[in-house]
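Undergrad: Here is what each chain is made of, one letter per residue.
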Amino acid sequence: MKILGGRAGVAIATAAGAALTVVGPVQTASAITTYKVDSNCDHKSCAVGYSGRLHIFYNSKENNGYYSGMAHFYGNVYDYAGETVSYNGATATRYDYVFGKNVLGNTASGTGQAVKNNAAMVENCAPYDGYRVYYNSGYQGSSQYFDHTYGSVNCAGGVSVNLNSTLKNENASQHFA
Amino acid sequence: MTALMGAAMAGCGPEPEEETADKAASSAARTLENVDRSKWPKATPERGLAKGLTLPLEQYMQSYEQRVVIDQAVRNLQTECMAGFGFDFRPPPAGTTPPPNANDANMERRYGITDRVVAEQYGYGLPENGPQTGASTPELTEAAGMVLSGAVRTGKRESPAPRSFKGKEIPEGGCTGWAKRKVGADGLDFSLVSRLNYESLAQSQETPEVQRAIGAWSRCMKSKGYEVAIPFEAIDLTNDTGVGSDKAVTIAVADIDCKKSVDLVSIWFRVDAGIQSKQIEKHQLALEETRKKNEAAIKAAEKMLRG
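Chains as they are written, first to last, in the numbering used here: chain R, 1 to 177; chain P, 178 to 484.
Quick caveat, the hints were computed from the structure, so don't treat them as lab data.
Heads up, some of the hints might be wrong.
Straight line, CA to CA, 25 Å or less: simulated SDA-like cross-link-like pairs of lysine to any residue [unchecked claim]:
1) P/LYS470 / R/ASP147
2) R/LYS61 / P/ALA463
3) P/LYS470 / P/GLN243
4) P/LYS219 / R/ASP147
5) R/LYS61 / R/THR93
6) P/LYS469 / R/ASP147
7) R/LYS61 / P/LEU414
8) P/LYS216 / P/GLN309
9) P/LYS476 / P/PRO218
10) P/LYS228 / P/LYS476
11) P/LYS469 / P/ASP363
12) R/LYS61 / P/GLY364
13) P/LYS459 / R/TYR145
14) P/LYS470 / P/SER240
15) P/LYS455 / R/SER165
16) P/LYS424 / R/THR93
17) R/LYS61 / R/SER39
18) R/LYS36 / P/ASP363
19) P/LYS470 / R/THR93
20) R/LYS61 / P/LYS455
21) P/LYS424 / R/ARG94
22) P/LYS470 / R/LYS101
23) R/LYS36 / P/GLN236
Make the full structure from the sequences, and use the hints.
TA: Okay, structure coming up:
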């Protein structure tokens, strides 16, 4: 298995433990299938349920962010734009990260919009892992820490915190902390 | 009896005999001795173009090491408090999922990548091996979760827990609330220093001095065959092959060599630091208050970990 740039989370179990390689859209443009997803848990192994994830919201606290479009990511995410994976170098699949429905399961402001340019608020639902959000992809630029829930599951005791600035122009990233 | 009642009323006051037994049983898990510190980020970069650089605001931030000490002390107190309610609560040790940088400043990659040793091997990637998984989470019964967090979560709704469990009063915020208050971690708020740190980088990037240096870096990159306007975007040149590919290694090394040849990191750091010194003058009282609270919490936590 080839692991690129610390995006080690690509290690999902494919049936035969097939090699995973991240490739760009240029090489295999004809074979690429693109999905818009609101989580990295569709193509990676994540903690069961919502436990352990960083929830990212379209709106800020002041703008009722908790009920705006939400995306959720587990572990280290190198680039909030998304990622491209291919199995055995064959058909490549592109996952673009967008905000999904809100916590109530309804279409809300931000639903369907790209995470990379629009995130305003974060809630860390991980019981024991802090997270850092970086204002550029590849863990570059300044960063901001989001505390865990001190053992609570289902995000009980989770705290919503505004990002220092709405993500814009630059692709951001997140890492366990 | 009165003394015991008093302790219970105050929260989770440990009954001495219980505390001793509990300590002996799980002393290994209650200290930081067994945690692999080799992966913890250094307080200040020890290699590369950012070696030894510390920004003025960093003295007001909480470092990774400080946070781990506080986290571990809180976890020990949670265990103690939960035991008082009859629950065997064993959280994982703190410090097992470290970030690549010690604090919000992110000196290692604040102005883009700076460590040639890492770049030569990993391109724009980090030297991390294997899947990055979070800490394991012990199963909690509904009752244990309620006593721990002091709240009942049903679906998306959260409501306060009952005032007591099996006749013993649940502290405000549950055992977590009690543990955080005991360490002094409940009132810690680093949002001001975090925001100022973000703003100084954004503002410094727009100054003529930094813009000139970025321009010089961009021309240097062009002379090596790469079209890129600002350091944060150099990573995008690797989109077709991945951040750890051979191609990415070549670009990452060129990126750092260009930064070195035009003195980008030193120039940017100087402007950034100048802005932060002014921010500190303006916000000194609030920043100092947070620092004092942080120092008190670390002191209390260290004392608890020493036992």
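Undergrad: Are the hints correct? Go through all of them and say.
TA: Going down the list of hints, with the structure as the test:
no. : hint                : in the structure
1   : P/LYS470 / R/ASP147 : holds (17 Å)
2   : R/LYS61 / P/ALA463  : holds (23 Å)
3   : P/LYS470 / P/GLN243 : holds (12 Å)
4   : P/LYS219 / R/ASP147 : holds (20 Å)
5   : R/LYS61 / R/THR93   : violated (34 Å)
6   : P/LYS469 / R/ASP147 : holds (20 Å)
7   : R/LYS61 / P/LEU414  : violated (35 Å)
8   : P/LYS216 / P/GLN309 : holds (12 Å)
9   : P/LYS476 / P/PRO218 : holds (21 Å)
10  : P/LYS228 / P/LYS476 : violated (28 Å)
11  : P/LYS469 / P/ASP363 : holds (14 Å)
12  : R/LYS61 / P/GLY364  : holds (20 Å)
13  : P/LYS459 / R/TYR145 : holds (23 Å)
14  : P/LYS470 / P/SER240 : holds (14 Å)
15  : P/LYS455 / R/SER165 : holds (20 Å)
16  : P/LYS424 / R/THR93  : holds (21 Å)
17  : R/LYS61 / R/SER39   : holds (21 Å)
18  : R/LYS36 / P/ASP363  : violated (39 Å)
19  : P/LYS470 / R/THR93  : violated (49 Å)
20  : R/LYS61 / P/LYS455  : violated (29 Å)
21  : P/LYS424 / R/ARG94  : holds (21 Å)
22  : P/LYS470 / R/LYS101 : violated (39 Å)
23  : R/LYS36 / P/GLN236  : violated (42 Å)
This entry does not satisfy hints 5, 7, 10, 18, 19, 20, 22, 23, going by the numbered hints stated previously.
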